[in-house]
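Novice: Please model the complete structure; the sequences and the hints are all you need to start from.
The listed protein sequences derive, respectively, from chains Z and A.
So for the first sequence, my numbering puts the first residue at 1; every next one is plus one.
So for the second sequence, my numbering puts the first residue at 1001; every next one is plus one.
Think of the hints as simulated: they come from the structure by calculation, not from any bench.
We treat Cβ as the ideally placed atom computed from N, Cα and C, and that holds for glycine.
Where hints are given, some of them may not hold.
What the hints assert, rightly or not - To list a few chain Z residues with every Cβ distance to chain A over 10 angstroms, as calculated:
(1) T80
(2) Y103
(3) K132
(4) A159
(5) D239
(6) G250
(7) E253
(8) V266
Claimed, not checked - Looking from chain A toward chain Z, a few residues come up when the C-beta cut is under 10 angstroms (computed):
(9) E1067
(10) P1081
(11) H1085
(12) M1087
(13) E1089
(14) P1090
(15) D1091
(16) C1121
(17) N1122
(18) M1146
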Amino acid sequence: MTTDLVRMENERLEMRLLLEAIYQKSGYDFRGYASAHIKRRLEHVRNRAGLATFCEVTHRLIWDAEFFDSVLSALSINVTEMFRDPGFYRAVREQVLPVLKTYPFIKVWHAGCAAGQEVYSMAIVLAEEGMKDRAQIYATDINPPVLEIARRGIYPLDAVRHYTANYQKAGGASSFSEYYTADYDSVAVKTALKQNVLFSPHNLVTDGIFGEMHVIFCRNVLIYFGDDLQNKVIKLFLDSLCNGGFLCLGTKESLRFSEHADAFEVVDAREKIYRKRPALPTPEAEAE
Amino acid sequence: MTSPPATDAVVIGASAGGLAAIGALLSALPAAYPLAVVVVQHIPADAADTLVRRFQRHCRLPVREAEDKDTVEPGIVFIAPADYHLMIEPDRRFSLSREERVNFSRPSIDILFETAAEAFCNRLVGVILTGASADGATGLAKIAAMGGTGVVQSPETAEVDVMPRAALAACAGARVLPLAAIGAFLARLIPESEAPCPPIS
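Specialist: So, in structure tokens, the structure goes:
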């Protein structure tokens, strides 16, 4: 029993060293991630590689570039689907888009877009609401190979039936098949949906602001972050949003524990849609 | 029966047949229960939200869906949200994940049990109930390895005995009890004042 406790503490030490090595080697910073999650992913990497300890993983990733890339892939979660959480998309149609329609032009940021399913889902919604042509969509992710999949927009055919059901539950107004062309075992998102969509690498942990956004989608990304990192990223979103801009989180995420919670008002508590309050005037501005 | 071990939290996993079994367990807990209770019941992704209301009907303790970064507080029954894995961090707070299914399940009992074992060490009781999957067996073995206590519903009293049998195969030292006796066992658990295994940051 004592040995198991000691073993656990030693493993945690080795894990911190491993994350430090990744950071120093590449700048990818997983040190502030939720540790239970990261530990499970790293155990998976270690066991798959047939290595006994995290220190052996560390040694190998320092010297073996291909192995390093595989570790990086294992640490990012790319499991998603189109119109996942259909209720969320209904809420966006009903509560966010009516406001966005009042702008002549909008900027949309999908932060942590993974393989792009959510980006194309929202592109469909924008198209159906007649707003696609006056939107610039930025879709960013930490993981370049996954971003390449997103850019191609090709998904397995057997996922599409599920996507279609989601689309209908999400209040989709037409036939989902209008939005893709089917091949033998895959479907390709139609080119028109990709217009005004810019896919680009961006690391939420280490990169900064790149524009003033009207709406930011960052769904099921923050759950992998520890408190400090969550705060840092929410501050990044706060600074990136225009006054009255929307922040959409995953259904089980919230600003409840964030030190920036007061800077947002709740638009939809269930679907975790928030809106940036206008900044309070600074004392200097009031004195003028 | 030997006196119950000092415990801070109880984790419960169930699959097929679990709704009734968990309801029965929760109804056995007193209103002033000094431990945290965390439940994974396998459920389809779109059947969300109904579990909390359903279990609350049977339970004198408040029943809540676990949220990301919530503290694992005593006196509350936390339910894993549908379609998310539920984990306990070393600082004894919840985290969620939408990574791949484990044992064909999300939430996975193994993931909850393995992470809870590291957060609570020997002050944890893990309970495996009825089910048609092997999920939870690895997690229960980990709880035992960290000094915690494994409890398995006796296969002959389980609606589906696959999960209890898998758990017993992986964790031979677990206590085997019929459902009613598990409720009584959990109701007697208390946290003692002796130094707990320290949460490690």
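Novice: Would you mind marking each hint as holding or not holding in the structure?
Specialist: Hint by hint, here is what the structure shows:
Its closest Cβ contact with chain A, about 8 angstroms, brings T80 (chain Z) to no more than 10 angstroms, contrary to its assignment away from the interface. Against the 10 angstroms criterion, Y103 (chain Z) stays outside the reach of chain A, whose nearest CB is about 31 angstroms from its own CB. In this structure K132 (chain Z) is separated from chain A by more than 10 angstroms, as the shortest Cβ-Cβ distance comes to about 27 angstroms. The Cβ of A159 (chain Z) sits about 14 angstroms from the closest Cβ of chain A, beyond the 10 angstroms cut-off, so the non-interface label holds.
Listed as outside the interface, D239 (chain Z) is consistent with that label: its C-beta sits roughly 22 angstroms from the nearest C-beta of chain A, beyond the 10 angstroms cut-off. For G250 (chain Z), the condition that its CB be more than 10 angstroms from all CB atoms of chain A is violated, with the nearest at approximately 8 angstroms. Against the 10 angstroms criterion, E253 (chain Z) falls within the reach of chain A, whose nearest CB is about 6 angstroms from its own CB. V266 (chain Z), annotated as away from the interface, keeps every beta carbon of chain A farther than 10 angstroms; the closest lies near 15 angstroms.
A hinted interface residue such as E1067 (chain A) counts as satisfied when its beta carbon comes closer than 10 angstroms to some beta carbon of chain Z; here the least separation is about 6 angstroms, so the hint holds. For the restraint placing P1081 (chain A) at the interface with chain Z, the shortest Cβ-Cβ distance is roughly 5 angstroms, inside the 10 angstroms limit, so the hint holds. Because the smallest distance between the Cβ of H1085 (chain A) and any Cβ of chain Z comes to about 9 angstroms, under 10 angstroms, the interface hint for this residue holds. For M1087 (chain A), the interface hint holds, the least distance from its beta-carbon to any beta-carbon of chain Z being 4 angstroms, beneath 10 angstroms.
The restraint placing E1089 (chain A) at the interface with chain Z holds, with a minimum CB-CB distance near 5 angstroms, inside the 10 angstroms limit. Checking P1090 (chain A) against chain Z: minimum C-beta separation of about 6 angstroms stays under 10 angstroms; hint holds. Residue-level restraint check for D1091 (chain A) holds (minimum Cβ-Cβ distance to chain Z is 9 angstroms; threshold 10 angstroms). Look at C1121 (chain A): its Cβ gets to within about 6 angstroms of chain Z, closer than 10 angstroms, so that hint holds up.
This hint holds: N1122 (chain A) has a C-beta 7 angstroms from the nearest C-beta of chain Z, less than the 10 angstroms allowed. Against a cut-off of 10 angstroms between C-beta atoms, the interface hint on M1146 (chain A) holds, since the closest Cβ of chain Z lies about 5 angstroms away.
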